[in-house]
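Undergrad: Take these sequences, add in the hints, and give me the full structure.
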Amino acid sequence: DTGVSQNPRHKITKRGQNVTFRCDPISEHNRLYWYRQTLGQGPEFLTYFQNEAQLEKSRLLSDRFSAERPKGSFSTLEIQRTEQGDSAMYLCASSLGQTNEKLFFGSGTQLSVL
Amino acid sequence: GDSVTQMEGPVTLSEEAFLTINCTYTATGYPSLFWYVQYPGEGLQLLLKATKADDKGSNKGFEATYRKETTSFHLEKGSVQVSDSAVYFCALSSGNTPLVFGKGTRLSVIA
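In order, the protein sequence lines correspond to chains P and V. When the letters of the first sequence are read in order and numbered with my numbering, they come out as residues 43 to 156. When the letters of the second sequence are read in order and numbered with my numbering, they come out as residues 18 to 128.
Since the hints were derived computationally from the structure, they do not count as laboratory data. Careful, some of the hints might be misleading.
What the hints assert, rightly or not - When the alpha-carbon atoms are kept at most 20 Å apart in a straight line, the in silico SDA-like pairs for lysine to any residue are as follows:
{"no.": "1", "chain 1": "V", "residue 1": "K120", "chain 2": "P", "residue 2": "D128"}
{"no.": "2", "chain 1": "P", "residue 1": "K99", "chain 2": "V", "residue 2": "N113"}
{"no.": "3", "chain 1": "V", "residue 1": "K77", "chain 2": "P", "residue 2": "E143"}
{"no.": "4", "chain 1": "P", "residue 1": "K53", "chain 2": "P", "residue 2": "E143"}
{"no.": "5", "chain 1": "P", "residue 1": "K113", "chain 2": "P", "residue 2": "K53"}
{"no.": "6", "chain 1": "P", "residue 1": "K53", "chain 2": "V", "residue 2": "G60"}
{"no.": "7", "chain 1": "P", "residue 1": "K53", "chain 2": "P", "residue 2": "A130"}
TA: This is how it looks when you write it as C-alpha cells:
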C-alpha cells in the first residue's frame, strides 16, 4: 500500500493557462474524490468517481474544470483558462466500498496562478 | 445544506494539558461524524468516527462522543504530547453524501 499519490506537488502558472493534475489512488479503492482547500479553510468537495463513473459534481466545479477517471484507476483534474481565484491546494482521496466512512488523502497539489 | 462549525484556532497547549476542540453540526437526517487530522507535510487521515447518537469514537488517546441533543462532536484528549501538533478537522456525511469539513483547528503543543 503506497498510499494516494498526487502529481505535481506544486504548480505555478500564469492566468489563462491550462493545468492538469494527476491522482493515483490506492490500487483496490473504487472511489476517488477531488477536494479543494484554501488557506484557513477546510477541504471543499469538488467531485467524485465510483470506478470510472463520475457520480457527483459540486456547484463549485465550473465549466472550466473537468475530471476524468479512465478505466477506473488514476484520475486527472484539468482546469482551463486558469484564474487567480483558482489558487488553492487540490486534494485527492480514495476509499473502498460504498460509503464515505474512511477516506485516504494524498498530500495535494498546490496551485498558484499568477 | 449540511455544515460543520468548529472552534477557531490556533490552540496552544503545554505538554500533558487537557485538550478540547469543539465541533457542532447542522444536518438533515442522521449523519456520521468524523475527526480527521493533518500532520505537517502529510495528507489528512481519519482519526476517529461515530455513526450514531451516543456512540463514542476513540483512537490514539483521543475521544469524541456523538451528541444528538446538542448536535455536537467535541474532540478531547486527557494529556497531549508534542507529537499531537497538527490541524484537526471535524467532518460529517449524511447518508452517502461526500464529506463536509469544518475549517480546521491548528493545535500546537509545546514541551
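Undergrad: Against this structure, judge whether each hint is valid.
TA: Now the hints, each set against the structure:
1. As the CA atoms of V/K120 and P/D128 are separated by approximately 18 Å, the hinted pair is consistent with the 20 Å bound.
2. Of the supplied pair hints, the one linking P/K99 and V/N113 holds, its CA atoms being roughly 14 Å apart against a limit of 20 Å.
3. The straight-line distance between the Cα atoms of V/K77 and P/E143 is roughly 18 Å, inside the 20 Å bound, and the hint therefore holds.
4. With a C-alpha separation of about 30 Å, the suggested pair P/K53 and P/E143 falls outside the 20 Å cut-off, and the hint is violated.
5. Note on P/K113 and P/K53: the hinted pairing is violated, with a Cα-Cα distance of about 26 Å set against a maximum of 20 Å.
6. Of the supplied pair hints, the one linking P/K53 and V/G60 holds, its CA atoms being roughly 18 Å apart against a limit of 20 Å.
7. At roughly 10 Å between alpha-carbon atoms, P/K53 and P/A130 fall within 20 Å of each other, so this suggested pair holds.
Checked against the numbered hints given earlier, this structure breaks hints 4 and 5; the rest are met.
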